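Chains A and B, in that order, give the protein sequences. Residue numbering for the first sequence is 1 to 335, as defined by full-length UniProt numbering. Residue numbering for the second sequence is 1 to 360, as defined by full-length UniProt numbering.
Please keep in mind that the hints were generated in silico from the structure rather than gathered at the bench. Keep in mind it's a predicted model, so treat the numbers as computed, not measured. One thing to keep in mind: the hints can contain errors.
Interface residues of chain A toward chain B, partial, derived using beta-carbon atoms under 10 Å [said to hold, decoys possible]:
| id | residue |
| --- | --- |
| 1 | 31 |
| 2 | 33 |
| 3 | 194 |
| 4 | 271 |
| 5 | 278 |
| 6 | 280 |
| 7 | 283 |
Don't be surprised by glycine CBs; every beta carbon is placed ideally from N, CA and C.
Residue-level listing of the chains:
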Amino acid sequence: MSEPVLEIKNLNVGYGLGDQGVRAVRDVNLTLHRGEVLGLAGESGSGKSTLAYGMTRLLAPPGVITGGQVIYHPAEGDPYDVLALSDERLRKFRWAETAIVFQGAMNSLNPVHKISTQLTDVLQAHEPKMSETSRLARAREMLKLVGIAPDRMDAYPHQLSGGMRQRVMIGMALILQPQVVIMDEPTTALDVVMQRQILGQLIELRERLGFSVIFITHDLSLLVEFSNRIAIMYGGRIVEEAPASAIYKDALHPYSQGLLGSFPALKGPRRELTGIPGSPPDLKGMPTGCSFHPRCPKAFDPCAGNIPVLGRPGTGDGRTRSVACWLHPTGEPVG
Amino acid sequence: MTSIPDAETPAGEVVLEAIGLTKHFPVRRKLRDLFSRKHDAVHAVDDVNLTLRRGQVTALVGESGSGKSTVARLLAQLYPRTAGDIRLHGTSTRVKSGSAFRRYCAQVQMIFQDPFASLNPVHTIRYHLTRSLKIHGHAGKTAEDLENALHGLLNRVHLTPPERYLDKFPHELSGGQRQRVAIARALGAEPEALLADEPVSMLDVSIRLGILNLLRDLKERLDLAILYITHDIASARYFADQTLVMYAGRMVEGGDSESVTQSPAHPYTRLLIDSAPDPDRLTADADVLEEDRGNGEPPSLIHPPSGCRFHPRCPMAMPRCTTDLPVRLEIGDRPGHWAACWLYDEATVAAQRPGSAVAS
């Protein structure tokens with residue numbers, strides 16, 4: 001396995017403090033390796049977006065990071081903890097090292113500025129020594145990379161379609177050649193045809209430029225196809241993490257199995273599917289023990305009482321995956 | 001898991017029918033257009049034919065902006081139509097408001113996409129359902145009748161025990177439960193047709209199937225005709241007996257769901273199916289090959305392309321596609337499977353090579 005680029009250690013994120021607070025992300029350990037696409041799947045309220053904002057320190061109050069470390073390994077130099085950076089260094093870190101493409105990114109462009117202005121603005125802030133002409137050249141190059149004709153440089157956002165705006169956002173995220181790109185539901189507002197085009201392009205760019213991607217979505221079938229590894233979140237915790245093919249062929253956690261069984265297939269025999277009974281837990285009144293046990297078809301004695309730890313399962317290809325479930329008692333804990 | 005027998009189109013009674021349904025939304029005229037005769041309009045829906053039969057689910061699949069929601073709103077008589085006809089039990093109907101609209105609503109009910117917006121946050125579930133029952137005259141004579149009717153509705157949508165939900169407010173329920181209340185409210189009118197406009201796309205993936213299975217169960221028990229509007233063609237295959245595909249305001253293909261999804265005939269349907277996420281096609285290995293197929297975006301509906309509206313993106317476009325509007329042509333693999341595409345017209349294909357007019 002290649003070297004890590006971002007290591008999340010025991011990250012805890014909450015909204016509000018004290019009795020009123022809710023814990024949205026609980027004890028998350030996750031490692032992103034160089035050049036991989038890591039998928040983060042979960043339902044709304046599972047804490048996947050909070051995790052992304054927490055690790056980039058973009059969380060707006062009342063969101064607070066209550067503990068943990070996010071170790072970033074730069075291409076050159078020593079690793080450092082993102083959560084301990086000073087404001088000045090954080091400003092340099094953002095975008096140049098880690099860029100984020102937001103949910104509904106097509107609406108994150110400023111409608112009153114040309115896209116050329118918005119692209120060069122990033123360069124102006126991060127590389128003030130760059131000349132105007134080379135800034136424009138770089139912006140033009142970026143647009144070409146994401147498949148937009150450079151003569152659209154002077155267009156305003158409303159003159160572009162949703163798909164093109166999304167591409168501009170991806171280009172803008174890549175303009176400083178970051179090591180890590182976080183995409184929070186980048187394609188939910190787009191049609192399937194456009195979604196495939198953009199993701200295909202992203203994978204191609206990743207191969208060419210060598211960055212790593214954290215891809216957050218609720219659409220597990222999309223992740224299985226596009227990512228190398230998948231982590232599944234439920235109730236603020238990671239419940240299973242494994243290579244994409246292992247999740248698809250042989251998911252261990254009953255929640256992952258339920259999630260996979262929630263997508264009707266386009267090919268093969270038509271089958272009766274059931275989804276998962278019940279509804280996602282409320283962060284304010286989290287069930288005791290495993291937070292999935294009230295909905296779990298396989299729940300048994302220990303599930304209600306004790307929280308399962310994320311660990312390597314004892315069976316088969318246990319080296320590359322981990323699961324937090326009492327059905328699969330751990331050989332050794334992770335981290 | 002049991003397998004679902006293939007629906008062999010049992011000819012149920014036709015409840016609701018659209019013939020040549022057309023809707024153009026006028027575009028606001030600019031000053032310089034004042035002296036010209038030009039009246040621009042968005043051609044949202046053009047010449048749509050569809051039939052809803054008792055006890056059957058018809059899916060309408062398309063991208064956003066293809067006009068599928070407009071079709072639902074036209075069928076619900078929420079918009080006046082520009083041309084064409086809507087027939088309820090064979091009689092042409094055009095209602096605007098008042099008692100005629102109420103009578104129409106009693107038979108055709110709509111379920112909206114967003115259960116967070118379609119329930120009034122200041123009223124309880126009891127209020128929502130009572131209104132539906134009273135307006136359509138199913139509340140009975142006594143308070144006891146009403147209570148029984150309310151319980152019956154909640155039981156039907158599997159919100160049990162009913163007394164636990166009746167006096168709750170919408171914000172106390174989860175998205176899936178709210179959508180069940182919205183369905184119960186529609187059932188309060190005892191309709192014959194349900195128009196469900198993306199009923200599950202706002203819900204969490206793990207509870208979507210619960211709602212679809214509920215709708216199917218209701219269809220069977222109450223013999224409802226359901227129009228299921230979706231952008232997810234895989235769920236259309238799962239849930240619907242018939243599937244119709246729409247592109248840029250026109251129907252491009254239709255037939256029973258199995259043949260439309262398993263042997264798509266129209267190049268657009270093929271593109272749609274190829275683009276759907278498919279876990280069996282692991283980790284982006286075969287993607288680049290398909291990159292040049294069907295690139296581009298849906299056209300402007302103010303000035304839609306001449307001929308077939310898909311021709312600027314179509315990898316199989318022929319010269320005829322750019323000039324002549326394709327008619328519905330039988331595919332011949334299964335009865336009732338058709339596509340509006342010149343590829344299935346033998347004379348055209350003999351004279352012109354498919355792909356010879358592909359825009360570069």
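Hold the hint about residue 31 (chain A) up to the distance rule: shortest CB distance to chain B must be less than 10 Å.
-> Violated, because the Cβ-Cβ distance from residue 31 (chain A) to chain B comes to roughly 19 Å (cut-off 10 Å).
Restraint satisfaction for residue 271 (chain A) [CB to CB of chain B, less than 10 Å] | Holds - the Cβ of residue 271 (chain A) comes within 10 Å of chain B, reaching about 5 Å at its closest.
Does the nearest C-beta of chain B fall within a distance shorter than 10 Å of the C-beta of residue 194 (chain A)?
-> Because about 7 Å separates residue 194 (chain A) from the closest Cβ in chain B, which is inside the 10 Å limit, the hint holds.
Verify the interface restraint on residue 280 (chain A): the C-beta must sit less than 10 Å from at least one C-beta of chain B.
-> Cβ of residue 280 (chain A) sits 6 Å from chain B, so the hint holds.
Minimum Cβ distance from residue 278 (chain A) to chain B below 10 Å?
-> holds, 8 Å
Going by Cβ atoms only, is residue 33 (chain A) closer than 10 Å to chain B?
-> Nearest chain B Cβ about 15 Å off; hint violated.
Taking 10 Å as the limit, does the beta-carbon of residue 283 (chain A) come near enough to a beta-carbon in chain B?
-> With a closest approach of 13 Å, the residue 283 (chain A) hint is violated.
In summary, the structure is inconsistent with hints 1, 2, 7 from the numbered list given earlier, while agreeing with the others.
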